[in-house]
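> Protein sequence lines correspond, in order, to chains A and B. When you number the first sequence by this note's numbering, it's gap-free, plus one each residue, and the end is 249. When you number the second sequence by this note's numbering, it's gap-free, plus one each residue, and the end is 323.
If you're looking for bench data, these hints aren't it; they were derived computationally from the structure. Even for Gly, the Cβ is constructed at its ideal location relative to N, Cα and C. Take these hints with a grain of salt, some might be off.
Stated by the list, open to error - If you only want the chain A side, here are some residues facing chain B, beta carbon under 8 Å, derived:
| hint | residue |
| --- | --- |
| 1 | Pro39 |
| 2 | Lys70 |
| 3 | Val74 |
| 4 | Gln87 |
| 5 | Leu91 |
| 6 | Pro93 |
| 7 | Glu94 |
| 8 | Arg99 |
| 9 | Ser111 |
| 10 | Ser112 |
| 11 | Phe115 |
| 12 | Pro118 |
| 13 | Phe211 |
| 14 | Ala227 |
Unchecked claim - Chain A residues, not near chain B, derived (Cβ > 12 Å throughout):
| hint | residue |
| --- | --- |
| 15 | Pro30 |
| 16 | Gly31 |
| 17 | Asn40 |
| 18 | Arg77 |
| 19 | Asn100 |
| 20 | Ala147 |
| 21 | Gly180 |
| 22 | Asp206 |
| 23 | Arg216 |
| 24 | Thr228 |
| 25 | Asp232 |
| 26 | Glu242 |
Claimed, not checked - Derived Cβ-Cβ restraints for the label pairs, each shown as a range:
| hint | chain 1 | residue 1 | chain 2 | residue 2 | range |
| --- | --- | --- | --- | --- | --- |
| 27 | B | Gly122 | A | Ser124 | 42 to 50 Å |
| 28 | A | Ala131 | B | Gly122 | 32 to 40 Å |
| 29 | A | Leu18 | B | Gly122 | 25 to 33 Å |
| 30 | B | Gly318 | A | Arg235 | 56 to 64 Å |
| 31 | B | Leu89 | A | Gly16 | 27 to 35 Å |
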Amino acid sequence: MAEPILEIRNLKKSFGALKATDGVSLDLRPGEIHALIGPNGAGKSTLIHQIAGSLKPDSGEIRFAGRDVKPLDVAARARLGMGRTFQVSSLAPEFSALRNVMLAVQAREGSSFRFFRPVMRDASLTEPARAALARVGLSDRADVPAAELSHGERRQLEIAIALALGARAFLLDEPMAGMGPEGSQALTGFLDGLRREAPILLIEHDMDAVFALADRISVLVYGRIIATGTVDEIRNHPDVREAYLGEGA
Amino acid sequence: MSRETIVTALLVLGLLAAPFAAQAMGEPFYITLATRIAILALAATGLNIALGLGGLVSFGHAAFFGIGGYAAGILATHAFNGEPLLLGLPGTNQMIVIWIAGAVIAGIVAMLIGLISLRTSGVYFIMITLAFAQMIYYFAISWPAYGGEDGLSIYVRNAFPGANTLVPMSFFLISFALLAAGLVLFALIRDSRFGAALQAGRQNETRLAAVGIVPFRIRLAAFVVSAMMTAVAGALFADLNRFVSPSMFSWHMSGELIVLIILGGVGRLAGPLAGAIVYVLFEFALGGITEHWQLFLGLILLGVVLFARGGVMGMLAGRARHG
Numbered sequence: 001m002a003e004p005i006l007e008i009r010n011l012k013k014s015f016g017a018l019k020a021t022d023g024v025s026l027d028l029r030p031g032e033i034h035a036l037i038g039p040n041g042a043g044k045s046t047l048i049h050q051i052a053g054s055l056k057p058d059s060g061e062i063r064f065a066g067r068d069v070k071p072l073d074v075a076a077r078a079r080l081g082m083g084r085t086f087q088v089s090s091l092a093p094e095f096s097a098l099r100n101v102m103l104a105v106q107a108r109e110g111s112s113f114r115f116f117r118p119v120m121r122d123a124s125l126t127e128p129a130r131a132a133l134a135r136v137g138l139s140d141r142a143d144v145p146a147a148e149l150s151h152g153e154r155r156q157l158e159i160a161i162a163l164a165l166g167a168r169a170f171l172l173d174e175p176m177a178g179m180g181p182e183g184s185q186a187l188t189g190f191l192d193g194l195r196r197e198a199p200i201l202l203i204e205h206d207m208d209a210v211f212a213l214a215d216r217i218s219v220l221v222y223g224r225i226i227a228t229g230t231v232d233e234i235r236n237h238p239d240v241r242e243a244y245l246g247e248g249a
Numbered sequence: 001m002s003r004e005t006i007v008t009a010l011l012v013l014g015l016l017a018a019p020f021a022a023q024a025m026g027e028p029f030y031i032t033l034a035t036r037i038a039i040l041a042l043a044a045t046g047l048n049i050a051l052g053l054g055g056l057v058s059f060g061h062a063a064f065f066g067i068g069g070y071a072a073g074i075l076a077t078h079a080f081n082g083e084p085l086l087l088g089l090p091g092t093n094q095m096i097v098i099w100i101a102g103a104v105i106a107g108i109v110a111m112l113i114g115l116i117s118l119r120t121s122g123v124y125f126i127m128i129t130l131a132f133a134q135m136i137y138y139f140a141i142s143w144p145a146y147g148g149e150d151g152l153s154i155y156v157r158n159a160f161p162g163a164n165t166l167v168p169m170s171f172f173l174i175s176f177a178l179l180a181a182g183l184v185l186f187a188l189i190r191d192s193r194f195g196a197a198l199q200a201g202r203q204n205e206t207r208l209a210a211v212g213i214v215p216f217r218i219r220l221a222a223f224v225v226s227a228m229m230t231a232v233a234g235a236l237f238a239d240l241n242r243f244v245s246p247s248m249f250s251w252h253m254s255g256e257l258i259v260l261i262i263l264g265g266v267g268r269l270a271g272p273l274a275g276a277i278v279y280v281l282f283e284f285a286l287g288g289i290t291e292h293w294q295l296f297l298g299l300i301l302l303g304v305v306l307f308a309r310g311g312v313m314g315m316l317a318g319r320a321r322h323g
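Using the sequences and the accompanying hints, generate a full structural model.
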């Protein structure tokens, strides 16, 4: 079996008496989409924050691309290749879609201490940025400020930024949220192809998308992973049915 | 050419033309007024890098303005009386050397202040920068070697190769050239990769970190560059008045620089210049009528903040656009 790109071992994080992450172990292998599902308040966001570096775990291990990333901050983990999208879109609102992606391109090159050359005339920034926008279908919106994009377009833009970063793994936090049925379908098709480029840790509420895409599913309940397995295994898992899928499945 | 470019060019050319018109009309006093505008605009352009591009509301830029001023005053004093400075270095009356000295010292001080204050944000950042500037202000007051509270006179305006700096027009042209250089530098930084990161950090710090750029380093560099430009303006200001005093370090001065930017347009290339023109002309026109002219300035500022967020540039050139 291929070496996992992301490996989490026995991760713990408490807020006072609340065990938000209670001994979570999880891995992400090349070429797969690993979906993380769980009811509201299960600790999915807390987990993502710890993986991305914006929250410090109390104990446990996080290894990414063969390195212990616990001492690294958000920016350093991003430079290692964590391509993260946010549950609520997080963009530079005054910048156009193109400039938002260009920022990722320059970050990837590690070249933010250049003071004189105008970015808009720098093809080494604009070309890769336009290519990433084209892949998510935002080419004709390149010059629109991020603040004026629709909700769905902002989600697409976040994915374009992660693409431009040359991510080695994608952490997608509810990319389907608020997309509408057509948007979700298009995005599902897109993510399906994306896994060949880099594996995806997908946090998602949209069960149709999860069941259509996931190679493996982990179910998080009260800070613990109660089951990990293929779509069929999870569908038929008694604890999962009880705890989460409940009446719906 | 965009409307913003046209307005900016008109303001710059207007400032350049004004002293020549004044001279032709036999009103040399207005040359000094234009020089004052150029110097204040340069100081505020420096601050505009931190405040306008980076969103770093420094309420302590008087520290750097004053450091530039004292660099001019102290070096000139030693050149005048022939006594060596620290480590046996001589003083100098050469403006170019003074500018470099002022900018370098301000840069080092800004690095130290920034290392501490940039760990905070919002109101805390405002207060910490204010606190550092006040510390330097009280230090200057209690430093008898260089005049303490009374300040320091520069008996002969410092020299510039090939120019008689005592001729008002020559000194104006020197100040104007530095302002022009400052504006070019601001525009280059704004459009560069560094500027992109700096502005993105103002808009959304989380996003900047998520693509792998550490906001702190970008801001520290911006704060240092910003301080260095303001320090050069401080040195010119000292030479304009041929006098330096602790008031250059006071929080009024920091506030005045912020006011210039808000009046003119935050983050706009010509914002500080537009603000300085309005401010100095106001001071001149109303200051002659009443010593409470700042009351009226306050009302205008209130109007700008409430009704014309983009300041003068917002009114003349419309909303700012980012490529």
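> If a hint holds in the structure, say so; if it does not, say that too.
Hint check results:
Interface hint status for A/Pro39: violated, as the beta-carbon distance to the closest one in chain B is roughly 26 Å, over 8 Å. Evaluation of the A/Lys70 hint against chain B yields a violated restraint, the C-beta minimum of about 17 Å exceeding 8 Å. Satisfaction of the interface hint for A/Val74 is found here, the shortest Cβ-Cβ separation to chain B being roughly 4 Å, below the 8 Å cut-off. Here the hint on A/Gln87 is broken, as its CB sits about 12 Å from the closest CB of chain B, past 8 Å.
A cut of 8 Å between beta carbons decides the hint on A/Leu91: the least distance to chain B is about 6 Å, and the hint holds. At about 6 Å, the closest approach between the beta carbon of A/Pro93 and any beta carbon in chain B falls short of 8 Å, and the interface hint on this residue holds. A least Cβ separation of about 5 Å between A/Glu94 and chain B falls short of the 8 Å threshold, and the interface hint therefore holds. Hint status for A/Arg99: holds, given a least beta-carbon distance of 6 Å to chain B, under 8 Å.
Annotation: interface hint on A/Ser111 holds; nearest CB of chain B at approximately 6 Å, less than 8 Å. At its closest, the beta carbon of A/Ser112 sits 4 Å from a beta carbon of chain B; the interface hint therefore holds under the 8 Å criterion. Here the hint on A/Phe115 is kept, as its CB sits about 5 Å from the closest CB of chain B, short of 8 Å. With its C-beta approaching chain B no nearer than about 4 Å, A/Pro118 sits inside the 8 Å limit, and its interface hint holds.
Given hint, A/Phe211 at the interface with chain B, is violated; its Cβ is 29 Å from that chain's nearest Cβ, farther than 8 Å. The closest approach between the C-beta of A/Ala227 and any C-beta of chain B is roughly 30 Å, which is over the 8 Å cut-off, so the hint fails. No beta-carbon of chain B is positioned within 12 Å of the beta-carbon of A/Pro30; the least distance is around 21 Å. Every CB of chain B lies more than 12 Å from the CB of A/Gly31, the least distance being 24 Å, so the non-interface label holds.
Every beta carbon of chain B lies more than 12 Å from that of A/Asn40, the smallest distance being close to 22 Å; the non-interface claim holds. For A/Arg77, the shortest C-beta to C-beta distance to chain B comes to about 8 Å, within the 12 Å cut-off, and the non-interface label is violated. Here A/Asn100 does not stay apart from chain B, with its beta-carbon only about 8 Å from theirs, under the 12 Å limit. Not every CB of chain B lies more than 12 Å from the CB of A/Ala147, the least distance being 9 Å, so the non-interface label is violated.
With a least beta-carbon separation of about 24 Å from chain B, A/Gly180 lies farther than 12 Å from that chain, consistent with its non-interface assignment. The Cβ of A/Asp206 lies farther than 12 Å from every Cβ of chain B, with a closest approach of about 23 Å, so its non-interface assignment holds. With 12 Å as the threshold on Cβ separation, the claim that A/Arg216 sits away from chain B holds: the shortest Cβ distance comes to roughly 25 Å. Once the 12 Å rule is applied to beta carbons, A/Thr228 is consistent with being away from chain B; the minimum gap is 27 Å.
The claim that A/Asp232 is not at the interface with chain B holds, since no C-beta of that chain comes within 12 Å of its own (minimum 35 Å). Every Cβ of chain B is farther than 12 Å from the Cβ of A/Glu242; the closest lies at roughly 36 Å, confirming the non-interface assignment. Here the CB-CB span from B/Gly122 to A/Ser124 is close to 36 Å, at odds with the stated 42 to 50 Å. Distance hint check for A/Ala131 and B/Gly122: the Cβ-Cβ separation is about 38 Å, which falls inside the suggested range of 32 to 40 Å.
Checked against the hint of 25 to 33 Å, the pair A/Leu18 and B/Gly122 passes, with Cβ atoms roughly 29 Å apart. For the pair B/Gly318 and A/Arg235, the supplied restraint of 56 to 64 Å holds, since their beta-carbon distance comes to about 57 Å. Between B/Leu89 and A/Gly16 the CB atoms are about 60 Å apart, so this pair departs from the stated range of 27 to 35 Å.
In this structure, the hints that do not hold are numbers 1, 2, 4, 13, 14, 18, 19, 20, 27, 31, in rising order.
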